[in-house]
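Protein chains in written order, with our numbering: chain A, 1 to 419; chain B, 1001 to 1253.
Treat the hints with caution; some may be incorrect.
Unchecked claim - Here are the simulated EDC-like cross-link-like pairs (lysine to aspartate or glutamate), alpha carbons at most 16 Å apart as the crow flies:
no.: 1; chain 1: B; residue 1: K1217; chain 2: A; residue 2: D82
no.: 2; chain 1: A; residue 1: K4; chain 2: A; residue 2: D15
no.: 3; chain 1: B; residue 1: K1138; chain 2: A; residue 2: E27
no.: 4; chain 1: A; residue 1: K301; chain 2: A; residue 2: D183
no.: 5; chain 1: B; residue 1: K1043; chain 2: B; residue 2: D1188
no.: 6; chain 1: B; residue 1: K1217; chain 2: A; residue 2: E77
no.: 7; chain 1: B; residue 1: K1138; chain 2: A; residue 2: D74
no.: 8; chain 1: A; residue 1: K336; chain 2: A; residue 2: D300
no.: 9; chain 1: B; residue 1: K1028; chain 2: B; residue 2: D1193
no.: 10; chain 1: A; residue 1: K336; chain 2: A; residue 2: E358
no.: 11; chain 1: A; residue 1: K336; chain 2: A; residue 2: E387
no.: 12; chain 1: B; residue 1: K1043; chain 2: B; residue 2: E1080
No lab work stands behind these hints, which were simulated from the structure alone.
Bear in mind the structure is a predicted one, so any value in this text is a computation, not a measurement.
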Amino acid sequence: MSAKQFSNPVVRWIDHRLPVFSFLDHELHEYPTPKNLNYFWNFGSLAGITLVIMIVTGIVLAMSYTPHVDHAFDSVERIMRDVNHGWLLRYIHMNGASFFFIVVYIHIFRGLYYGSYKAPRELLWMLGVVILLLMMATAFMGYVLPWGQMSFWGATVITNLFSAIPLVGDSIVTLLWGGFSVDNPTLNRFFALHYLMPFLIAGVVILHIIALHRFGSNNPIGIDASGPQDTVPFHPYYTIKDFFGLSVFLSLFAAAVFFFPNFMGHPDNYIPADPMQTPAHIVPEWYFLPFYAILRAVPDKLGGVLAMFGAIAVLFVLPWLDRSPVRSARFRPAFKIFFWLFAIDCVVLGYLGGQPAEGIYVVLSRVATVWYFLHFLVFLPLLSVFETPRPLPQSISSPVLGGGAALAGAAANAAKEKV
Amino acid sequence: MRRSLTAILLSLLAGPALAAGGGDVLIKERDWSFSGPLGTYDKAAMQRGFQAYQEVCAGCHSLDLIAFRNLADLGYNEAEIKAIAAEYDIEDGPDDDGEMFTRPGRPADRFPAPYANNQAARASNNGALPPDLSLIVKARANGANYLYSLLTSYGEAPAGTEVPDGMHYNAAYSGKMIAMPQPLYGDDVSYADGADSSAEGIAADLVQFLAWTAEPKMETRKRTGVATMLFLLVLVGFSYRAMKVIWSDVKKA
């Protein structure tokens, strides 16, 4: 790390002994970033900010929440009614979970489209998958805390899945429950873990950022920056772009919180949990629906659980399934088609996860599940062998290759050098 | 063997009928003053709905989450709220002798429940449990319209439909058989302001009142929302302009 000379003497004194200012300057100011990032690259910082929003509102909510089966539901309603701005905190936290997943899913699909998981960013990608898994666990446990009907029955269905694991399954379920059914001990440990896990996520996010800053961001063209003419310093160029993205994101988030706060929730969760009465349809939150569809598509319980976890696990090995040296889908015509088919497949799975498991829905779920795995295990490996990518540009600054176009690129470069 | 065949045939016949009974419930859509991003509650209607709740619903349905002090949202002043609370007997205690006692209600008290516990409620209602109404509008899909429809869709069962003992035909209820007897016939309450006291009028007033009990902070929420959105839209404009200015010296390609 270069010892930068700061003009403020206090900053200089501290930085000489504790180089936090040099560190921040290096990672957030001069950090060279490809100049051609599009708006899909906003979603990383948005995810980080949403995590902070969730942690801050969550801590304040925890001050008024009571993790006990007899009081949890009423304590949430007390937050909604009697705690100053409690309704706001709770609606931000509740909708924040949905928006966190919206942002992260876009972030993931951006990575899939532009090949951001490829060398040398495999560990960066895998850390991201770890974050996704932790988020899912956190969101699931958080949904249990208000102790409404869907909280209780969702917890019952999902924890029961673990009983499918051979030999140790029942012991794991007992451990999750802290007893022999979903009850007060379950609520207590879910609350403890729900409070803990966001900080684990924050830790993995730091690793994710360290790995990111090793080679810098990928970009829409997917080729490495070849020099300073291809990059701009992170500040002010991307700080302001991220800030603009944040203001748009917050506008949509606020619209949901203030005007449609229960749109993404389920009415049944405003009914206090009743272990004696099963709701007509037990559905998880929308962000779990694709995985729920995969779970139910497999007729065998253990098979369904394996398929559901396999749907995430396959992401870990994605960098070794797609061996094409070309990152960006812009230069991979066949991959681009399969990417969009896969995206549609995920939306279809999400729709099917919200439908009752009967009739045509089961058949469609199976087709969509098979397609999901075919995409990763068959199509991507085959594409990397048989697809002929389009020619890549020489650099980010001259994205067009050959003939007059190359001349135009050179002209642009020349113009750039004057600046 | 023959018996099981008959059973299968019967279930095949009954299947579609049951599906039809459970599925196509009749929901009447109404324009509510509180729907939409700027909607507000109608205070006069809420006061009438509160009166109807007291005179019609409160015999069986509790309102656990509402305290008398909350009635200020309906437009009652402090003296009126004290007077309303004092009409109720609240069990308190134990006193210095270890005895429970009843006293007149105070604004800080919550509405007392009609039954001591769920078992007592079921025992008095043919085994059915009258749900607490505090959150009922949020706890049902399309809650306001659903509740309005439920209250106004009682009637004679169509020919051929048998209504079991203790059940009532209601076109808006899932399965069309509901344990709750018809609560509104029209003129069930006499309104001091001379408002419409038909069954539909009272039902609409009750929906206003119960929409408020489910979401008492709705008006504050929407007002805060408007201010927040204005701020954010200005922020979007300024940050977009700032971004364009900062990026103006970077060549695209």
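Hint-by-hint comparison with the structure:
About 10 Å separates the Cα atoms of K1217 (chain B) and D82 (chain A), which keeps this hinted pair within 16 Å; it holds. For a cut-off of 16 Å, the pair hint linking K4 (chain A) to D15 (chain A) stands: about 9 Å separates their Cα positions. Under the criterion of a C-alpha separation no larger than 16 Å, the hint pairing K1138 (chain B) with E27 (chain A) is inconsistent with the structure, at around 47 Å. The hinted pair formed by K301 (chain A) and D183 (chain A) fails the criterion: a straight-line CA distance of about 23 Å is larger than 16 Å.
A distance of roughly 20 Å separates the Cα atoms of K1043 (chain B) and D1188 (chain B); the hinted pair therefore is violated under the 16 Å criterion. Straight-line distance between C-alpha atoms of K1217 (chain B) and E77 (chain A) comes to about 11 Å, which keeps the hinted pair within the 16 Å bound. Restraint check for K1138 (chain B) and D74 (chain A): satisfied, since their Cα atoms lie roughly 15 Å apart, inside the 16 Å limit. Of the pairs offered as hints, the one joining K336 (chain A) and D300 (chain A) is violated, with about 34 Å between alpha carbons and a cut-off of 16 Å exceeded.
For the proposed pair K1028 (chain B) and D1193 (chain B), the alpha carbon gap of about 26 Å is over 16 Å, so the pair is violated. Distance hint between K336 (chain A) and E358 (chain A) is unfulfilled; the C-alpha atoms sit about 33 Å from each other, more than 16 Å. Between the alpha carbons of K336 (chain A) and E387 (chain A) the distance comes to roughly 11 Å, so the proposed pair stays at or under 16 Å and holds. The suggested pairing of K1043 (chain B) with E1080 (chain B) holds, with an alpha-carbon distance near 15 Å, which does not exceed 16 Å.
Taken one by one, the earlier hints fail for this structure at numbers 3, 4, 5, 8, 9 and 10, listed in ascending order.
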